[in-house]
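Chemist: Residues per chain, in single letters:
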Amino acid sequence: MLTNIISISLGAILVNNFIFSQFLGCCPFLGCSSKVETATGMGIAVVFVMGLASAICWVIDTYILVPLGLDFLKTLAFILVIASLVQFVEMFLKKSIPSLYSALGIYLPLITTNCAVLGVVLLNVQNHYNFIESVVYGITGGLGFMLAIVLFASVRERVQFSEYPECFEGFPICLVSAGLLALAFMGFSGMKIF
Amino acid sequence: MKKILKLTLILFLVSAIVAGVLGVVNEMTKDRIEEQKQIKTAKAYAAVLPSEGYEELEIDTSAYTNIESISKATGGEGYVVQTTFSGAQGNITMVVGVSPDYKCTGISIISHAETSGLGANAASTSDIGVNWRAQFVGQDKNMAITKAGGTIDALTGATITSRSVAEAAANAISVVESLG
Amino acid sequence: MNIKKQFKEGLITNNPVLVQLIGMCATMAITTTLFNGVGMGLSVLIILTCCNVVVSAIRKIIPNEIRLAIFVVIIAGFVTIVDLLLQAYIPALSEALGVFIPLIVVNCIIIGRAEAFCQKNTIGASFFDGIFQGLGYTVVLIIMCVFRELVGSGKFGTGLIDVANGFKITMDGTGGGIELFSADYGATIMLLPFGGFITLGLLIALMQYMLKKSAKKKEAAAKAVKEGEE
Chain A
1 MLTNIISISL
11 GAILVNNFIF
21 SQFLGCCPFL
31 GCSSKVETAT
41 GMGIAVVFVM
51 GLASAICWVI
61 DTYILVPLGL
71 DFLKTLAFIL
81 VIASLVQFVE
91 MFLKKSIPSL
101 YSALGIYLPL
111 ITTNCAVLGV
121 VLLNVQNHYN
131 FIESVVYGIT
141 GGLGFMLAIV
151 LFASVRERVQ
161 FSEYPECFEG
171 FPICLVSAGL
181 LALAFMGFSG
191 MKIF
Chain B
1 MKKILKLTLI
11 LFLVSAIVAG
21 VLGVVNEMTK
31 DRIEEQKQIK
41 TAKAYAAVLP
51 SEGYEELEID
61 TSAYTNIESI
71 SKATGGEGYV
81 VQTTFSGAQG
91 NITMVVGVSP
101 DYKCTGISII
111 SHAETSGLGA
121 NAASTSDIGV
131 NWRAQFVGQD
141 KNMAITKAGG
151 TIDALTGATI
161 TSRSVAEAAA
171 NAISVVESLG
Chain C
1 MNIKKQFKEG
11 LITNNPVLVQ
21 LIGMCATMAI
31 TTTLFNGVGM
41 GLSVLIILTC
51 CNVVVSAIRK
61 IIPNEIRLAI
71 FVVIIAGFVT
81 IVDLLLQAYI
91 PALSEALGVF
101 IPLIVVNCII
111 IGRAEAFCQK
121 NTIGASFFDG
131 IFQGLGYTVV
141 LIIMCVFREL
151 VGSGKFGTGL
161 IDVANGFKIT
171 MDGTGGGIEL
181 FSADYGATIM
191 LLPFGGFITL
201 GLLIALMQYM
211 LKKSAKKKEA
221 AAKAVKEGEE
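Residue numbers (my numbering), protein chains in the order written: chain A, 1 to 194; chain B, 1 to 180; chain C, 1 to 230.
It is worth saying that the hints were derived from the structure and are not from the lab.
Beta carbons: idealized from backbone N, C-alpha and C, even for Gly.
Careful, some of the hints might be misleading.
[What the hints assert, rightly or not] Simulated DEER-style distance windows between Cβ atoms:
1) C:G124 x B:K30: 33 to 39 Å
2) B:D153 x A:K94: 55 to 61 Å
3) A:V36 x C:G124: 45 to 51 Å
4) B:D127 x A:T62: 39 to 45 Å
5) A:M91 x B:A16: 24 to 30 Å
6) B:A63 x A:K95: 50 to 56 Å
7) B:L7 x A:T62: 29 to 35 Å
8) A:I6 x B:S178: 25 to 31 Å
9) B:E35 x C:F7: 36 to 42 Å
10) C:E219 x B:A16: 35 to 41 Å
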């Protein structure tokens, strides 16, 4: 069990990183990474929501959808869960932990359309993970996303001061830098744990 | 408050309509999806060990790692093992044919999530895939890729996929052998 | 709104991927074979057109506060329908695209068009918007697929074109494709995530270059006209 969890975690953070190997969550990855600070905020919010969403969606899938034979409704059910979860977390933080809310607040609504969140809950079902494995995969997948976005934001802060052809202004140069980071992450692909 | 109730009701109504439509579509496609899956599995079985029929053994597969089912070919040609294991990117489901003298008669990958152009070649119908899988025919439970001291050449750029497939096939054969 | 202008917007001046910069995940993830690209592009086109029409049809009766939630439910519905149909009739495609089919739900193109266009326009205009934006998306996917596939494995049309059985188009994903040079000489890296990022980066850079060039040309022409008047 423990080895299983370690291998899921390392896989989700490094080997099969959500951004660099599975391309899940690229929109916020490119959109919210101009500063390290905002990237960190986004990263923490994603870890939080991905962990929670994995837990709730696992329960819904195992105890409601599968027993009733409503498998085909899972995409619909999961996206509704994620959307309401994000709303709920936002309201909860606003009332009880205002300091955290002011730090994460603006990123929360963006998470609904983050395909890493819907992706992780769908992958949990596809890989037949149990409850603990699902939650671990959700949290560590989020951590992988955070690692990627923070690294990428630091690269972008440097790239700002470099010279590149005019037509690469904006997104193209970001994509090229992201490609180089993906190349670096390929180094982990030789790793097989247990 | 009244407004919130009204909004919730509308959202609920929309969701109910969508769910209803999906139910109808699901009902219409259900049989066909099931049929497609069976065709695929049947094709894989026939590819690894041609036989007139297959009979699933009634054993507790949870006692063995990664084994999903073991079927006996009705003509006495051997066994077909269905196994699911983790590859480089995600789970791979594969069937392995085992002859009565515990040699591999072929492998066929039913589903996988390996990298396109690298690990995915293991399952591809192109020459690369066909030639690669042909190496497994005649191997026994000690099979391994060349890097691990065996004779199976790994796919270019997909050592992990190749290793997992070889290990899973070896595992399938040793399980059948242990059943006797 | 005329159709010609919408056509140009969808394919070039307001292309969803190259100009609006949305829907990137799938664009980079699945563009490794032409089969995937065409399949994904057409799926998005169909879903987008259906959603556009429905959203535009009900735009006057849904309450503003929960419009996004309703859009998401409608989109999820159409995505699931397409997902089920693919599983039943084109299983090879459903397998190749995997989790990226249900993920069309969170593809910003669809919700973006619902919010930005269909809310304010008639059913007819929304229908054509769906088709042209979907086409714009498909064209980008195809360009990326052709480039990555060619450089990466020396082939064209893997899964889609069956050369061995006399040049026909197949939808069961078994076609070997046209081999232009041996896969041994291919730069496999183009098929990996790195290739996805780089190819899209270069494509957007090219687009920006061309848009800038045409803008400059127009400016110069306008200037010339102005000078002529003076």
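Chemist: Where does the structure disagree with the numbered hints, that is, which hint numbers, in rising order?
Modeler: 10
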